[in-house]
Structure formats: structure tokens, C-alpha cells
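2 protein chains.
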Amino acid sequence: MEPCQLSAAQAAVLIKERKLSAEELVRSCLERISARDALVRAWLHLEPDAAIRAAREADKRPPTGPLHGIPIGVKDVIDTLDYPTTQNSPIYPGLRVGRDAACVGLVRGAGGLILGKTDTVEFASSGRKALTRNPYNPAHTPGGTSSGSGAAVADFMVPLAFGTQTSGSLIRPAAFNGIYAMKPTWNRVSREGLRMYAASLDTVGWYGREVADLTLMGQALGLPLHGATIPLRGLRVGLCRTPMWSQIEPAGANALQQAAERLADAGAIVEPLELPERFADLRAAHSAIGQREAGIAFLPEYVNAYPLLAQEIRDKVENTAGISDQTLLDSYALADACRPVFDGLFGASLDVVLAPSAPGEAPEGLHTTGNAVFNTTWTLLHVPCVNIPAGVGASNLPVGVQLIGPRLSDARLLAIAQTLAPVIDVDPQRGLRELW
Amino acid sequence: MEPCQLSAAQAAVLIKERKLSAEELVRSCLERISARDALVRAWLHLEPDAAIRAAREADKRPPTGPLHGIPIGVKDVIDTLDYPTTQNSPIYPGLRVGRDAACVGLVRGAGGLILGKTDTVEFASSGRKALTRNPYNPAHTPGGTSSGSGAAVADFMVPLAFGTQTSGSLIRPAAFNGIYAMKPTWNRVSREGLRMYAASLDTVGWYGREVADLTLMGQALGLPLHGATIPLRGLRVGLCRTPMWSQIEPAGANALQQAAERLADAGAIVEPLELPERFADLRAAHSAIGQREAGIAFLPEYVNAYPLLAQEIRDKVENTAGISDQTLLDSYALADACRPVFDGLFGASLDVVLAPSAPGEAPEGLHTTGNAVFNTTWTLLHVPCVNIPAGVGASNLPVGVQLIGPRLSDARLLAIAQTLAPVIDVDPQRGLRELW
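Residue numbers (this note's numbering), protein chains in the order written: chain A, 1 to 436; chain B, 1001 to 1436.
Simulated from the structure, these hints should not be mistaken for lab results.
Note that the structure is a prediction, hence the values are computed from the model and not measured.
Don't be surprised by glycine CBs; every beta carbon is placed ideally from N, CA and C.
One or more of the hints may lead you astray.
Computed footprint of chain A on chain B, listed as stretches where at least three residues anywhere in the stretch have a Cβ under 8 Å from a Cβ of chain A [to be verified]:
#, stretch
1, 1147–1158
2, 1328–1336
In silico contact screen, one side only, chain A against chain B (beta carbon under 7 Å); selected entries [claimed, not checked]:
#, residue
3, E24
4, P93
5, G94
6, L225
7, N304
8, P307
9, G322
10, I323
11, V341
12, L345
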């Protein structure tokens, strides 16, 4: 087994036990990138020599932090000390800010090594797509906007990577690439140093190849540890088809159904969960908030670099959709009202929500990154979501389901995911078999 | 009259008419700084030669943007292309990010010149105080955390400056320095590139020496123009003593009372406004949210630079106040519920709220920056606030009152302030008389 095939959690143990060096791991990742990235195109910025030097330095220090010696990919809308932050925008071709985003500083503090920057849709918003391809079938999108991070983790180029979600940019690529993802509660992890798109929605999240990877990164980012193992038997799972169910595809419907059945067979109490009626309007509210807040965030580029800004983003600044102040305030009010209602569903009769991560498999072509219809409600509710790989569809591409908890239950949600993942993700070796 | 004595609005007209050059204005500001800053200590970073060069370049271009050739001070928690961002923290003594914050990019796009960076309380939060003194009496604080920006605008060192408000850091220094300030609706102006303290509270605002200055800057920042003049006669003013009235001092009470009487005498309809009862709990909610969100924002420094972080900030990261997740969520819910209620007060029977900007005059000493008790409710409500100078107290130091509108009424609030300011601010030449 090559070191780059190890999950972050596996590698962390071996490094701690001095059975694997950070340098070996980083070299293995770089070799994999070298072999595969001409096809996958996950990476925008890499400095292999610097990465090897940093790994050697890490090997000289005693392992202290949870991520000691673990290489990490960073979506190129997130600032790092040592790489450019181009945001896949022609406005910032070589911008170097020389300062770590909060999340990057925290993983460094935990011993992590920043391997490089991954491709993204322009500003993690709209416009230029990433050049990244789906590792399972390069004719298909890896999803977006965290395209490079999702594909890089799936393709064994790096065991952990940061992505972001404002609509569905983190969970959807996880589903399309057959990997794990954690979107924490909004502002549970500082978004400072992440390019702003919509202030009240933007969320930093991360990818790994098993739940233990997500937990390891969560630890570095300041999530509390959930000590106890949560038993599966009797766990109350709310099967939520969501008000957007008409947009599900056979692969997505099948994955959700199978996950629910497997959980029930294993002893969980799975019951349908119907969201209160007004939750159906959260999708439109998310759209209004996202567009108007984008209009605020991208005004500087609109003023100073109009010719280099994507038309889709100009439209948001110009508010061509004509979203009124009152609609914006009503949208905030709806979201504000629904959040405690959703949190309140949990407790006596509900432990976790099970819902689709995306309509189905990754669409063909790189002109689209897929549809966020099954993500925006949860983003707007500010609740934590974990993607679990859940088999494949008719095109033999991965499909995912997501687990969702109430706000600030991040650590508990990861513990629940740890219990449920082995039941849902019945072919965890598929990547090693198909991509290697 | 020296050019630096001009308000931004006055200078902009003269520059546009080619009766004043940007270079003359910048040189005049630099001379004033040279003469006074050893005493006032408003500035952390200045590059006089670069500023003069930039002014000369501006003089070569035709005046286009509303701020053409106008020098602007920037609180040192806000990034600029050309200066360090030290945040008054020993952790970042020479940090240069080489990228403008959104607000700075917008003023540059409008033709503004960044004169330099102004002193601030550590991270605009707590810990190290600015070295800045109150220009009216150097034994007194200029307020904080936007200490340098407030004092610099008051002392004729620069006609406009950016500050920030998470509790009362913008409006309070305006009151203590006898100048005008605009705190816009939360996220009406992008806070990107402002050091994060509390994500759902941090607001970029600005100082000027008359309402027209605030409007000019607002235009550069993308606020719509409110075309028509708002007549004073019949304007419905809600005199709001707030649930914190027990903490008012004689100077503050007197200023509010006089402002109300003058407005009534001039034809406004001034009536007491009692906030709904549960609004009294917003102060505690603000404190809970501010502390918990600070714990998220400052975790990277806590992990990576603990010895250099102020104990007050460490305490927030450690949550020594013991604010539970439920208290945090309840605090969000209260604020979320009160916002539309406050907005809804306006309309048929209310045009603007008149409230204290601070308890009274600036306290003596630099160990304190004064009390934000009259600011935090409005910050948490996300509503726009304008400080208007309102005479002096027993110590002959300035006192202010604030005008407050509903969310997203920023342009209208500035138009109302334009109408009301001449009635409230009865001695607008006081700075020229006392500080020159």
C-alpha cells in the first residue's frame, strides 16, 4: 500500500508511532499528483520542494498536534501564508497575501502541512468553472465549487482538504467523488481569510476518506471531542426527502432508500420526517440572500475590475433579479424563524436527519457542477451536515447521502456519522479498486 | 483657512473645480499630523512621500469618482494594499497583506487616497489600548476601539476615516471627539478584509466632519443616493432613552434633552419611544454572542501565539464566562425576533429614533475607552446609526446623540441626518476654534 492511499486518521497514527514519516507521505502524495493531475487537474498551485522541506522539518519535531505531518489541500478561495489566492479569477492571477486564513492557521497549529491550492469555480460563486475532472470518469464534473479539493481527496492526492459551502459547494462534490465531507454549523469554524461571497451563508468545511478523518480535522479546528461511541440500535433517524423531492434522480432516490433500509435493518429507528410547510420557502430565501449578499461582496471587483468579472457575478451586483430590500428582510426573517424550529425537532424523537446530498450522480461535462437544490436549505439553516458515500448509480459514479444535526451539535453529529457510516458506505474500498 | 480644515465634502468640490489640488490637501494633512500627532498619537503607519506621490498622480487624472483626491485614514484592523495591518497586536508587528479590504478598494475606486493607518484597541476587541489621546483634552480617552480614526478626523489630520463597530467602537469615539459617524446596516458594506472579531456583529463604518462627508463616503461604498431633501417640519422623531437609561450621565442626559427640544422647536414631532420589553435583554444577548463569536475568531491566535494574546481575549476563547450553546442560540433567537419588530416601528408614526451615543463625555485616562452600553443594542439589531455632535458637558468635552433607522434605510437615514444635524449641532465651528 502506498502512503497516499492511507486515510488521514490512519496516517496520523503511523506518523505518531514513527512507522511513517511526513516526508514519505508527502512524497507519495506528490507522486500521485504527478501521475494523475494531468488528467484530474485538481491543483492550481503546488511547490513540491517546499512541501518536502516542510515535511522534513515536521519529522524533526516530536508529534504533538492531531494533524502532525499530514498534508492538506486548500481550496483556492482560502488564503495561505505560502501560496497565491487566485480564486480562479483573472483579476488576481498572482495575488499572495502572506497570511493564513483562520482555518489554515489552525491546521498548521495542529501540525498539518499545507500541500497546495486546489481549483475552484470563480470566487466559489459562479462564472469560470474549475478545470478539474471527476476522477471516476473524466468526462464528468467532480461537482463544485470545491471541485479540486473533492477530486484531490478522492483520487488519493491528499488525505484531507478544505472546501467551502455557500449553496451546496462542499457536500455535492463529496457525493460526486465518493468521499466524506463535514460542513459545520455556520461560524462554528472561523471563515476569516475565505473569500467572501455571502456573509451569512459562507461556511468553511473539509473532506476526508472516512469519518475519523473529519473528526481529526474537527479537533484541529476546535470542535469539542464527543467522547462516547453512539450505539446504532435505537438511534432515531428522520428520513427527509425534503420539499425538493421532485428533483431527485433515480440514483439519488435509490441511494437514500438503501441507506434508510440498511440503517433500519441494523437496528436504527428510521421514520419519515416531514419538514414544516414554510420550510419549502427556504430555498427561495437562500437564493435571495445569496444574490443580494453577493452584490455586496463583489462590488469592489465590479467597480475596479468590471471587464474581468463573470457576467453572472455582475448580474448579482446589479441585482438584475430585482430582489427588493423587503424580500431580503423577509428572507432573513424566514430563515431566522425556521432555525430554532429545526433545532427543536431533535431530542426526544429524533437524533439525526438523513437526506439526499445531491439529485444523483455527477452530470456529464464540465460546463456544470451539478445542482445544489438539496443543499441550500441546510446551508441557510446553518446546521452541520456530513456526506456519506452511498454506492453508485447507473453510470457507475458515486452517490451520497447526508446526515444533518441541529446547530452546534457538530461533535455529536460526527459521532453519529462514525456509527452510521459503516452501514451506509458498504464499499469503502471502491476508490482503491477503481482509481488506482 | 488651511486645506486640512476643509470637510471632505468641501474639499471634493474644490478639487473638482480645480481650485484645490490633492497634493495641497495631502500636504496640509501631513503638516497637521506632523504638528499634532506627537500629542494626539492617532497614527500607526504613515508614508508621507508615497502619499504625496499618490496625490500628484491623482492630480494628473480627471476627477471622476466622488472621493477624487480625498485622503482617508484607515483603522489598523482593516487591510490595505500599501500599509501593514498590525491590529495593535504584538503578534503581527509588520504584517503586510498587499490586498485592500473591500471598503478600501471601493474608496480607491472612487478616487480616494489612503493616507495611513490609525491606532486601535488590540484587534478592535480588548486588551492593549490605543495610545491615542482625545484632541480636546489629552488626559482623556478619544473612545475606542476606533480611537485613532476618531481623533484624526476631529483634529483635522484627515477629513474621512474608517472605523469599525462590534459593540460601540464607532459611534462612541464620534461622540467623544465631536465628529460625525455612520454605522451602516450590518453587511450593507462588505466587511471583508476587516479583522474578524464577532462575525454577526462586526460592521465597517466611517467618520467625517459633517453629514455631507458621510454621504460622500456612502456613495463610494455603494449606498444608493437619497435624492430629495427631507423636510424637518412634521418629521416624527422617537426619543428613546433606552432600557439602559440608569447609566446615563448628566452630560448625556442634557445633550439628548436639548437635541429633542431643539428639534421640537424647529417643527419636528418628538415623542418618547419605549422599546418593547424584551428589548431590554438584547444587551445580554449581544454580550453572549460577542464573547462566543470572539472565541471562534481568536482561536488561531490562541493556538499559535498564546503568550502574545491579551488575557481578555484568551478568556473569550476559553469561554470563562461559561456561556452555554443554548444561551448562544437563545441570544441569536432574541435578536432575530427583535429585528423585524424594530423595523416595523417605522412608517406611519415614526421616521427616526433619537438616542444617546454614549453615557456622557469621554472619561479621564487612557486605561478605558468608555462604555458601549448605549450602542450594543443597535449593533445587535443591525440597524444604521449616525452620530451627531450635540454640545459639550461639564468638562468642556464633546457629547453626541445618535439617529437610528430601520435596517437597509441607510441612505434615508443620512438624508434625515442632513436635515436634523444643523438643529442639533449648534456649534459646528467648535473644532476649528478650540483645536487649531
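Q.
For a quick check of understanding: which of the numbered hints are violated here, in increasing order?
A. 1, 3, 4, 5, 6, 8, 9, 10, 11 and 12
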